[in-house]
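A.B. asks: If you want the building blocks of each chain, they are given just below.
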Amino acid sequence: MIVPYSHVIMLAGILFLMGMFCAVTRRNLIMILLGLEIMLNSGAVAFIGAALRWQHFEGQAIALFILAVAAAEVSVGLALIVCAYKRKGSIDPEAYN
Amino acid sequence: MTLYSVIFYMLAALILVSTGLAVTRRNLVHAVVYLVISFFGSAMLFYLLGAPLLAALEVIIYAGAIMVLFIFIIMMLKVEAFEEQFFPIRQWIPAAGMCLAFIVAGTLIIMGDPESRIPLKAAVAEPVFFGHYLFRKHWLAIEIVSLLLLVAVVAVLYLGKNTEKKNEDRR
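Chains C and V, in that order, are what the protein sequence lines are. Quick note: to get our numbering, add 1097 to the position in the first sequence (first position is 1). Quick note: to get our numbering, add 4 to the position in the second sequence (first position is 1).
It is worth saying that the hints were derived from the structure and are not from the lab. Values in this document were obtained by computation on a predicted structure and should not be read as measured data. Misleading hints may appear alongside valid ones.
EDC-like, lysine to aspartate or glutamate: derived pairs with alpha carbons at most 20 Å apart [what the hints assert, rightly or not]:
#1 V:Lys82 <-> C:Glu1191
#2 V:Lys125 <-> C:Asp1189
#3 V:Lys82 <-> C:Asp1189
#4 V:Lys165 <-> C:Glu1170
When you get a sec, could you build the whole thing from the sequences and use the hints?
C.D. replies: Given below as structure tokens:
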């Protein structure tokens, strides 16, 4: 017996909220990307909790795909940030308006 | 209250505190290091919830590869001199609105499902069976993900090459 499933979902929800807050309020492209990473990770936590609740591998398979998509997303995102920095000399999203 | 639930609440506190510290840091390197701690906590949580293979992958990919990539970029861009406007008021309103909507929807979902109060039974997905399941049921998705990673590599190479050429033109 570990904990009720609702507590796992609550943990994932609070984590997602923190990531969303970071992505919306920070004025820094790298911190926005970090917020996206936190949100993806919270999704993986929720999926693994669901896999344990229904005793099925499906949730863990989706969590694995989330990991792969996060890796692809962060590499392309950071390359774009480097591109934008070389063009404008700043990582403030306000500078690109 | 079993030992497992004590471990779960300790890990949850560790993850939430380190993520909260990471989100509010002004220094980007500190933020990334706090996030590494948070991902280590998530890996231990995955292990507790019966996914040892994913726990290992979380440490290798998230805490290892992705965070090191962030550190590299932060060092490359010399952003220490960049003075960030910290949490401007203008952006608080959409953030607060979204948080409120999210909390309301989440509470409704959790309250609407009485079955979710039953404690989870501990179980472990052996990596061998998990791998067999993955390659039997999801082989197409695995191929698509590997193609996605290949496309990402090509895109990053193209972007890197493009900026180099532009810089040469400017000179």
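A.B. asks: If a hint holds in the structure, say so; if it does not, say that too.
C.D. replies: Hints, verified against the model:
1. Between the alpha carbons of V:Lys82 and C:Glu1191 the distance comes to roughly 18 Å, so the proposed pair stays at or under 20 Å and holds.
2. In summary, the hint linking V:Lys125 to C:Asp1189 is not supported, as the alpha carbons are separated by about 47 Å, beyond the 20 Å threshold.
3. For the given pair, V:Lys82 sits about 13 Å from C:Asp1189 by alpha-carbon distance, which is consistent with the 20 Å threshold.
4. For the suggested pair V:Lys165 and C:Glu1170, the alpha carbons sit about 19 Å apart, so the restraint of at most 20 Å is met.
Checked against the numbered hints given earlier, this structure breaks only hint 2.
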